[in-house]
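In the order they appear, the protein sequences are chains A and B. For the first sequence, the working numbering assigns the number 1 to the initial residue and increments by one for each residue that follows. For the second sequence, the working numbering assigns the number 1 to the initial residue and increments by one for each residue that follows.
Don't read these hints as lab results, they were simulated from the structure. Incorrect hints may appear among the rest.
[As the list claims (entries may be wrong)] Below, a list of computed lysine to aspartate or glutamate pairs in the DMTMM-like style, where the Cα atoms sit at most 20 Å apart:
1. 5(B) / 332(A)
2. 25(A) / 35(A)
3. 45(B) / 89(B)
4. 45(A) / 89(A)
5. 245(A) / 224(A)
6. 5(A) / 332(B)
7. 25(B) / 64(B)
8. 191(B) / 35(A)
9. 71(A) / 49(A)
10. 191(A) / 177(A)
11. 5(B) / 330(A)
12. 5(A) / 325(A)
13. 45(A) / 75(A)
14. 245(A) / 176(B)
15. 5(B) / 177(A)
16. 191(A) / 61(B)
17. 245(B) / 74(A)
18. 245(B) / 261(B)
19. 5(A) / 330(B)
20. 25(A) / 64(A)
21. 5(A) / 64(B)
22. 245(A) / 391(A)
23. 71(A) / 61(A)
24. 245(A) / 261(A)
25. 5(A) / 126(B)
26. 5(B) / 75(A)
Residues per chain, in single letters:
Protein chains: 2
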Amino acid sequence: MICIKNQTVSVGILGVGTVGTGVAKILLTEQRLLESRCATRFRLKAVADVDWSRDRGLDWDGVERTTDPNKITDDPEIDIVVETIGGEEPAFTLITRALRNRKHVVTANKALVATRGRELYATASEYGVDLLFEASVGGGIPIVKGIREGLVANTIQAIYGILNGTCNYILTKMHEEGLEFSEALRQAQEKGFAEADPTLDISGVDAAHKLTILASLASSSVVDFSSLHVEGIEQVTALDIAFAKDFGYTIKLLAVCRSIDGRLDLRVHPTMVPNSHLLSAVRNELNAIFVRGSYVRETMFYGPGAGQDPTASAIVSDLVDLSRDLRLSEGERFCNRTVNAMAQAHTIPLEQISNRFYLRMHTQDRPGILSEVSGVLGRERISISSVVQLETHERDEYVPVVILTHQAPEAAMRRALQQIRQFPFIRGEVVCIRLFSEAEPMRSGK
Amino acid sequence: MICIKNQTVSVGILGVGTVGTGVAKILLTEQRLLESRCATRFRLKAVADVDWSRDRGLDWDGVERTTDPNKITDDPEIDIVVETIGGEEPAFTLITRALRNRKHVVTANKALVATRGRELYATASEYGVDLLFEASVGGGIPIVKGIREGLVANTIQAIYGILNGTCNYILTKMHEEGLEFSEALRQAQEKGFAEADPTLDISGVDAAHKLTILASLASSSVVDFSSLHVEGIEQVTALDIAFAKDFGYTIKLLAVCRSIDGRLDLRVHPTMVPNSHLLSAVRNELNAIFVRGSYVRETMFYGPGAGQDPTASAIVSDLVDLSRDLRLSEGERFCNRTVNAMAQAHTIPLEQISNRFYLRMHTQDRPGILSEVSGVLGRERISISSVVQLETHERDEYVPVVILTHQAPEAAMRRALQQIRQFPFIRGEVVCIRLFSEAEPMRSGK
Numbered sequence: 001m002i003c004i005k006n007q008t009v010s011v012g013i014l015g016v017g018t019v020g021t022g023v024a025k026i027l028l029t030e031q032r033l034l035e036s037r038c039a040t041r042f043r044l045k046a047v048a049d050v051d052w053s054r055d056r057g058l059d060w061d062g063v064e065r066t067t068d069p070n071k072i073t074d075d076p077e078i079d080i081v082v083e084t085i086g087g088e089e090p091a092f093t094l095i096t097r098a099l100r101n102r103k104h105v106v107t108a109n110k111a112l113v114a115t116r117g118r119e120l121y122a123t124a125s126e127y128g129v130d131l132l133f134e135a136s137v138g139g140g141i142p143i144v145k146g147i148r149e150g151l152v153a154n155t156i157q158a159i160y161g162i163l164n165g166t167c168n169y170i171l172t173k174m175h176e177e178g179l180e181f182s183e184a185l186r187q188a189q190e191k192g193f194a195e196a197d198p199t200l201d202i203s204g205v206d207a208a209h210k211l212t213i214l215a216s217l218a219s220s221s222v223v224d225f226s227s228l229h230v231e232g233i234e235q236v237t238a239l240d241i242a243f244a245k246d247f248g249y250t251i252k253l254l255a256v257c258r259s260i261d262g263r264l265d266l267r268v269h270p271t272m273v274p275n276s277h278l279l280s281a282v283r284n285e286l287n288a289i290f291v292r293g294s295y296v297r298e299t300m301f302y303g304p305g306a307g308q309d310p311t312a313s314a315i316v317s318d319l320v321d322l323s324r325d326l327r328l329s330e331g332e333r334f335c336n337r338t339v340n341a342m343a344q345a346h347t348i349p350l351e352q353i354s355n356r357f358y359l360r361m362h363t364q365d366r367p368g369i370l371s372e373v374s375g376v377l378g379r380e381r382i383s384i385s386s387v388v389q390l391e392t393h394e395r396d397e398y399v400p401v402v403i404l405t406h407q408a409p410e411a412a413m414r415r416a417l418q419q420i421r422q423f424p425f426i427r428g429e430v431v432c433i434r435l436f437s438e439a440e441p442m443r444s445g446k
Numbered sequence: 001m002i003c004i005k006n007q008t009v010s011v012g013i014l015g016v017g018t019v020g021t022g023v024a025k026i027l028l029t030e031q032r033l034l035e036s037r038c039a040t041r042f043r044l045k046a047v048a049d050v051d052w053s054r055d056r057g058l059d060w061d062g063v064e065r066t067t068d069p070n071k072i073t074d075d076p077e078i079d080i081v082v083e084t085i086g087g088e089e090p091a092f093t094l095i096t097r098a099l100r101n102r103k104h105v106v107t108a109n110k111a112l113v114a115t116r117g118r119e120l121y122a123t124a125s126e127y128g129v130d131l132l133f134e135a136s137v138g139g140g141i142p143i144v145k146g147i148r149e150g151l152v153a154n155t156i157q158a159i160y161g162i163l164n165g166t167c168n169y170i171l172t173k174m175h176e177e178g179l180e181f182s183e184a185l186r187q188a189q190e191k192g193f194a195e196a197d198p199t200l201d202i203s204g205v206d207a208a209h210k211l212t213i214l215a216s217l218a219s220s221s222v223v224d225f226s227s228l229h230v231e232g233i234e235q236v237t238a239l240d241i242a243f244a245k246d247f248g249y250t251i252k253l254l255a256v257c258r259s260i261d262g263r264l265d266l267r268v269h270p271t272m273v274p275n276s277h278l279l280s281a282v283r284n285e286l287n288a289i290f291v292r293g294s295y296v297r298e299t300m301f302y303g304p305g306a307g308q309d310p311t312a313s314a315i316v317s318d319l320v321d322l323s324r325d326l327r328l329s330e331g332e333r334f335c336n337r338t339v340n341a342m343a344q345a346h347t348i349p350l351e352q353i354s355n356r357f358y359l360r361m362h363t364q365d366r367p368g369i370l371s372e373v374s375g376v377l378g379r380e381r382i383s384i385s386s387v388v389q390l391e392t393h394e395r396d397e398y399v400p401v402v403i404l405t406h407q408a409p410e411a412a413m414r415r416a417l418q419q420i421r422q423f424p425f426i427r428g429e430v431v432c433i434r435l436f437s438e439a440e441p442m443r444s445g446k
């Protein structure tokens, strides 16, 4: 019987807020469990935070507590630095400093990995250490490991993600209780599923950060965050959700990454997902990532996208991965190989992508109007799959008209919308929501 | 910049049927992709099968083809043996021989790992090599890696799996098209989702094999396959599915593993899953495994449970894991540590478990009957949550009565059923289906 050598790995944590405290809690209370599972004793050597007045409910006995983060980035005894400060600075500077001191780094900082990934990957690679970020996407869901290792044999063809718990909670409430956006947002804030300032979430930017990271993984290259098309859920109305329901769809904020002829179609926007698709059944604050690979075909990973314990669970799985790496000599290390800091992903502008569309407008109730609207669509070669016009019994009333189209180029739809919006018989906004389609990605002519 | 050393790993495949051919296809066609992702050149050195008359559509140039499996188990140049023969023998003898020759083994053989796991884990451990089996559960879904590594910080509290694609396909057809079992089975056979002899699948035994493996992983110990309670789907009728629908449930063949006070509640049986739960939305031949961990809380992994390419995708992910291990010295190896061949899991007999129940019986349509049935339940302290009795307009007609109960001990329900079945006013079988409940596991008195 061959015994496995036990090792000790020293960890420092930068930022002991919600997530950092969660990581410390696991390292301090689950030492025996982890040791039995990976023959590694994780020693929480030091933790840095600006505020030590707050009680975090942990016994810090034997753990160095400091307000100076460089005591962690520069400590020669520390093998792995966990960054749970969040935001761009000082996180970026501290991670870079730790990497240059040849420490492995684990971070949950999606905004940072999404926007400064190229520099971080390059520094890690230059100094022969790893930068892991399982917790940056999908909270506790092991999606990074799933794509990087579980689907290692696959070319990733498409990813469809529900990546923001706040938006999914709001949309679920709107869908199931008929609430308007503002009321659903208020309830989400009350229940702690939305921040006091929810802008980053409801604007789609948070989901776009996560999509950038997934797209990097899927393409093994650096993705420019700025190249993504991002729309939030602020404009989604209870009326559109009700129509979606009638048509058998659920509106989700979907993050899309599709690989088309070596380029990436990357976007985040409200999307009508057919109720026959598993993504439509992902409710409340939960996240899910649907991944299509060349061999595995469809897979989905589901779970909590945030929260102290789930996020800490993901960070600790990164620590365990690194503990395996730490047994290897520098030139044999593995983890960080999936994103090549030197390779640049190429994206396809949304204008060149085809989608199915839902259009909703309020028109006067008189003959010929549908013919004028459909005439515009026809001239743009956008073919209609279904139309609903509701009856009214009031004179001069404006009635909602809803149109579902077949697959059509985004550019054509934009031209059509511009024309439709100018019709004098239309009152208010013409709402346009894209439909989820797993049809073979189509590219329009130019 | 530190470069990663490339290595070459030699692989042999035992059994080149559907899955073995899939593995060979990936190793022969995706060599560059794999090399770029894990700095390992996988060399398919040899493949063994009894039949070489069949064209497998692959170019075997440079690959040794043999009918003698020992040419692979004994080849000193081969690092990893892939076993894709299936069945107990000769697979068991060949795997054991390969392990004793200090070769890592990757297998998709769920029946073998479930029933002979103890011996296989022990041999692997004795000879300091790994036995990996990602493909044995959930086909292409990276569920073994997900539990073993992604959720490494978690104590696994519960697993609920849809683990058999044939059963899920049949139940989906029954649910969505109102088919009876026999007709749905016939369609599944036509479409290739059920074998000519579907016994192993529809009896629940295949799902139970997979559950045994998951339970071993979750408990880090050996689980006796014979200790599982297993029921198949042969008795599920269109009528019960229709009632389930009315109550807001979908009937699934669910494999359950719950950890209760250090013992395991293990069973496979038709289960009414509430439509608000994501598992109810897993359709057709797809599989899903819902895992509750101490930190991550609820997660779910979804994808194809079978098929050449998905299964091969899982096997290759094991090969890549082993390629990482092969860089380590023997005493540092990691993969196989999750199942301890010396530890024995303890199971709880079903009689000691509480569940909610669905009962359906056909009774005469006369006063007092419901009172007699509910009297039996009351005396067994089984509390009723809902009753439906349908009207009839025919004299002497038997009418269906459906009862949903609150949580009640299995033993009490068995006693009640025995009494109810003896009532003279009942015609035919009294159907009893358990309801899915994520309520805190309850154990009955004795």
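Verification of the hints:
Of the pairs offered as hints, the one joining residue 5(B) and residue 332(A) holds, with about 6 Å between alpha carbons and a cut-off of 20 Å not exceeded. Between residue 25(A) and residue 35(A) the CA atoms are separated by roughly 15 Å; this keeps the pair inside 20 Å, and the hint holds. Taking the CA atoms of residue 45(B) and residue 89(B), the gap is about 23 Å. The hint is violated against a cut of 20 Å. A hinted pair counts as satisfied when its Cα atoms are at most 20 Å apart, and residue 45(A) with residue 89(A) does not qualify at roughly 23 Å.
Pair hint residue 245(A) plus residue 224(A) does not hold up; C-alpha atoms about 35 Å apart against a cutoff of 20 Å. A hinted pair counts as satisfied when its Cα atoms are at most 20 Å apart, and residue 5(A) with residue 332(B) qualifies at roughly 6 Å. Distance check on the hinted pair: residue 25(B) and residue 64(B) sit about 15 Å apart at the alpha-carbon level, within 20 Å; holds. Distance hint between residue 191(B) and residue 35(A) is unfulfilled; the C-alpha atoms sit about 48 Å from each other, more than 20 Å.
The suggested pairing of residue 71(A) with residue 49(A) holds, with an alpha-carbon distance near 11 Å, which does not exceed 20 Å. For the proposed pair residue 191(A) and residue 177(A), the alpha carbon gap of about 16 Å is at most 20 Å, so the pair holds. Distance hint between residue 5(B) and residue 330(A) is fulfilled; the C-alpha atoms sit about 9 Å from each other, no more than 20 Å. Annotation: proposed proximity of residue 5(A) to residue 325(A) holds, straight-line Cα distance about 14 Å (limit 20 Å).
The straight-line distance between the Cα atoms of residue 45(A) and residue 75(A) is roughly 10 Å, inside the 20 Å bound, and the hint therefore holds. Proximity of residue 245(A) to residue 176(B) is assessed by CA-CA distance (about 19 Å); at most 20 Å being required, the pair is judged to hold. Of the supplied pair hints, the one linking residue 5(B) and residue 177(A) is violated, its CA atoms being roughly 57 Å apart against a limit of 20 Å. Using a Cα cut-off of 20 Å, the hinted pair residue 191(A) and residue 61(B) is violated, with the two alpha carbons roughly 63 Å apart.
A distance of roughly 61 Å separates the Cα atoms of residue 245(B) and residue 74(A); the hinted pair therefore is violated under the 20 Å criterion. For a cut-off of 20 Å, the pair hint linking residue 245(B) to residue 261(B) is broken: about 34 Å separates their Cα positions. A threshold of 20 Å between alpha carbons decides the hint, and for residue 5(A) with residue 330(B) the separation of about 9 Å falls inside it, so the pair holds. With a CA separation close to 15 Å, the supplied pair residue 25(A) and residue 64(A) stays within the 20 Å bound.
Restraint check: the Cα-Cα separation between residue 5(A) and residue 64(B) comes to about 37 Å, which exceeds 20 Å; the hinted pair is violated. Restraint check for residue 245(A) and residue 391(A): the C-alpha separation of about 19 Å stays at or below 20 Å, so the hint holds. Using a Cα cut-off of 20 Å, the hinted pair residue 71(A) and residue 61(A) holds, with the two alpha carbons roughly 18 Å apart. A C-alpha spacing of about 34 Å is found between residue 245(A) and residue 261(A), which places the hinted pair above 20 Å, so the restraint is violated.
As the CA atoms of residue 5(A) and residue 126(B) are separated by approximately 15 Å, the hinted pair is consistent with the 20 Å bound. Of the supplied pair hints, the one linking residue 5(B) and residue 75(A) is violated, its CA atoms being roughly 29 Å apart against a limit of 20 Å.
Checked against the numbered hints listed earlier, the structure breaks hints 3, 4, 5, 8, 15, 16, 17, 18, 21, 24, 26; every other hint is satisfied.
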